[in-house]
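Asks: Chains A and B supply the protein sequences, listed in that same order.
Here our numbering is used: the first residue of the first sequence is 1, the next is one more, and so on.
Here our numbering is used: the first residue of the second sequence is 1001, the next is one more, and so on.
Because the hints were derived from the structure by calculation, they are not lab data.
Be careful, since some hints might not be right.
[Unchecked claim] In the DSS-like style, the derived pairs of lysine-lysine whose C-alpha atoms are separated by at most 30 Å in a straight line are: (1) A:Lys234 with A:Lys264; (2) B:Lys1043 with A:Lys391; (3) A:Lys16 with A:Lys315; (4) A:Lys252 with A:Lys190; (5) A:Lys234 with A:Lys267; (6) B:Lys1006 with A:Lys368; (7) B:Lys1006 with A:Lys391; (8) B:Lys1121 with B:Lys1006; (9) A:Lys252 with A:Lys267; (10) A:Lys252 with A:Lys264; (11) A:Lys391 with B:Lys1116; (12) A:Lys109 with A:Lys170; (13) B:Lys1116 with B:Lys1045; (14) A:Lys267 with A:Lys89; (15) A:Lys208 with A:Lys109; (16) A:Lys170 with A:Lys208; (17) A:Lys315 with B:Lys1006; (18) B:Lys1121 with B:Lys1045; (19) A:Lys136 with A:Lys208; (20) A:Lys391 with B:Lys1121; (21) A:Lys391 with B:Lys1074.
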Amino acid sequence: MNTIYADNAATTKISKTALAAMLPCFEENYGNPSSLHTVGQNAAEALFNARRTVAECLGCDPKEIIFTGGGSEADNQALLTGAELGARKGKKHIISDAIEHHAVLHSLKRLEKLGYEVTLLPVNGEGFVDPEDVRKAIRPDTALVTIMMANNEIGTIEPIKEIAEICHEKGVLFHTDAVQAVGHIPVNVKEIGCDMLSLAGHKFHGPKGVGALYARKGLLVSTLIEGGAQERGKRAGTENIPGIVGMAAALKEATDNLEANMAKITKLRDRLIEGLSVIPHSILNGPRDKRLPGNVNMCFEGIEGESLLLLLDQKGICASSGSACTSGSLDPSHVLLAIGRIHDVAHGSLRLSLCESNTEEEIETIIKAVPEVVDYLRRISPVWQDLQEGKRTYVIQ
Amino acid sequence: MLYSEKVMDHFTHPRNVGTIEDADGVGEVGNAKCGDIMKIFLKIKDGIIDDVKFSTFGCGSAIASSSMATEMIKGKPVSEALELTNKAVVEALDGLPAHKIHCSVLAEEAVKAAVKDYYDKNGIAYDPELFKDKHDCEHCGE
Ligand SMILES: Cc1ncc(COP(=O)(O)O)c(C=O)c1O
C-alpha cells in the first residue's frame, strides 16, 4: 500500500536539496561557529550564508534574522519582546485573535498572569480578522498586535498588510506568525510592514526544531534563553548549524519555485474540495479564496474525526482532525468553534494539507476513499440515524 | 501506535454493529457535544441476552469499547451483564490510552442503561444504586 501524505500543515518531508545541504554539517563542517580555528570559522561561514539566504527570501537584512529552535520559540520570543517593550512605556495591552496557534495563545495566557491585558478579536465565519476591529481595539496602552498570516487549520490568509498599516498609523508594534505561510505564499517582510515575523523550517521541507524570528532593525528584542552571545546575544546556545543550513536551503528552494508550486498545489486543492463537497451534509471550513494553496478542511455531520482519521490511515492516507479526541482535550478545535461550528459538528472535521509532491492520482484516491469511510461511520452512528429519522435536525444542509 | 491491536481489530471490524427493531431494552449514553454517543439494543429471552447490537458516534476507542462490551455480554444472563465494568472492557481490549478510559466507562453505562430500560419496560424491580452515573464530563452534565 502506498502512503499518501496529506498532512503537510503538521510537518513536511525534508527536501533532497535541504538534506544534501545539511549532511556536510554533520560530517565535515561540524565546527562551532564561535571557535576561532578554521573548523569553527567554516561553520561560521555556513551560518553567515544561511542567514543571508533567509534574509534574501524574506526581503530583509541578515541582521534582522534571529535563528530559533522552531516556530513556537519564535512566537514566544516575539510576544515577550512586544510585552517588555510596551511595559517600558507603561503599555500592557496586547491584541490578538481567537484562531491563533497555541504557541501564541498560551504565551498570551502567560502574559496575562504577569499582569498584561489581552484582547482576543473574533473572526468571521471564514476565519478572517476584520482590520477595522483591530483599529477599534487599539488603545493608548496597546503594546502589541499579533495576528497570524495564515491559519494552520483552515488555511485562512489574514489581511495582515492592512492590519500592519493600522498598527503603524497608531504607533503599535505588529507581529505575525507566518509559520504556515512562509514557503507557501509570497512573504516579504518589508511589503507586509510587520515589526516581527515567525517562521519554522519544517513547514516548508526543511528540518524540524529550527525556525527564525524576523525582528525589524532597531527593535530591542527580548531574550528567552540566556547564555552565550550567539545570535547577537538574542538567543544563546551553540547554533544548530545543520538545522539552520537545511532550513535556509529549503526556504531558497521553496522561494525559487513558489509560483509554480502555488499553481500546482492550488489546482490539487480545488479538485479535492470539489470532490469532497459532493458528500451530503459536509461543509468547507475556511474561505474558498484567500486560502493557503494546500489547505482543505471540512466537517462531515454525524461522525467523529478521530475514527475518520484512523480509517483513512488504514487506507494509507495521512490526514488530521480538529476533533477533541485527537487533541486529548474535551473540546474540539478552538479554530472551528471560533468560526461558528458547534461542538457536534466540529468533532467531525478533517484536514488534508497538500504539497507539491502530491499527485493528481493521489487526490483522486482521497476523493474515492473519504466518502467510503464517512459513509461507513455514518452507518454505525446513532447521531446519523437520528438525523435521518428526523429526531435531530441537520446543522449542515 | 496509539491503540493496541485488539482495539484496532474491534474498531476496524466491530462486532454486533446495527440496531434491533423490536429491542427489549435500549440504552443511549453520551453527548454529541463531547464527541461520543453510544446506543445499545438488547433482545432478551428468559433472562438471557439473546442478541445485542450497538451504534456509536465517537473515536476509535469508543467504537472498539462498544464492540467489545457487546461481545462480552452476548449470551449472558442480564444480571451478569450488569456486572460488566469498564475495567473489564479495558482489560479485554489490552488497554486504552489514559485519556480514552472514559470510552470504556461509556460502554459500561450504555449496557446498564439498556438493562435499566428493559427493567423499566417490564416492571422489574431494581436497586437504583446500580445505575448511578459513573463518568463525569462537564458537557454531558449540561
Ligand atoms: C501557525 C503555527 N504557529 C506556530 C507553530 C509552531 O511551530 P513549531 O512546531 O515549529 O514550534 C505551528 C506549527 O505547528 C503553526 O502551524
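Asks: Need the status of pair Lys252 (chain A), Lys264 (chain A): alpha-carbon distance at most 30 Å?
Replies: With a Cα-Cα distance of about 18 Å, the restraint between Lys252 (chain A) and Lys264 (chain A) holds, given a limit of 30 Å.
Asks: Can the restraint linking Lys1006 (chain B) and Lys368 (chain A) be considered satisfied, given a maximum Cα separation of 30 Å?
Replies: Holds, at about 28 Å.
Asks: Verify the proposed pairing of Lys1121 (chain B) with Lys1006 (chain B), using a straight-line Cα cut of 30 Å.
Replies: The hint is violated at about 35 Å.
Asks: For the pair we were handed, Lys1116 (chain B) and Lys1045 (chain B), check the Cα-Cα distance against 30 Å.
Replies: holds, 16 Å
Asks: Do the alpha carbons of Lys391 (chain A) and Lys1116 (chain B) lie within 30 Å of each other, as the hint requires?
Replies: Holds, at roughly 22 Å.
Asks: Quickly compare the C-alpha distance for Lys136 (chain A) and Lys208 (chain A) to 30 Å and report which way the hint goes.
Replies: violated, 38 Å
Asks: For the pair we were handed, Lys252 (chain A) and Lys190 (chain A), check the Cα-Cα distance against 30 Å.
Replies: holds, 18 Å
Asks: When you check the alpha-carbon spacing of Lys16 (chain A) and Lys315 (chain A), does it fall within 30 Å?
Replies: It holds: about 27 Å lies between the C-alpha atoms, which stays within 30 Å.
Asks: Lys109 (chain A) and Lys170 (chain A): Cα distance at most 30 Å?
Replies: holds, 25 Å
Asks: Given the proposed pairing of Lys391 (chain A) with Lys1074 (chain B), does the C-alpha separation stay at or below 30 Å?
Replies: holds, 29 Å
Asks: Given the proposed pairing of Lys252 (chain A) with Lys267 (chain A), does the C-alpha separation stay at or below 30 Å?
Replies: Holds, because 23 Å separates the two Cα atoms, which is no more than 30 Å.
Asks: CA of Lys208 (chain A) to CA of Lys109 (chain A), is that 30 Å or under?
Replies: holds, 25 Å
Checked against the numbered hints above, the structure violates hints 1, 5, 7, 8, 14, 16 and 19; every other hint is satisfied.
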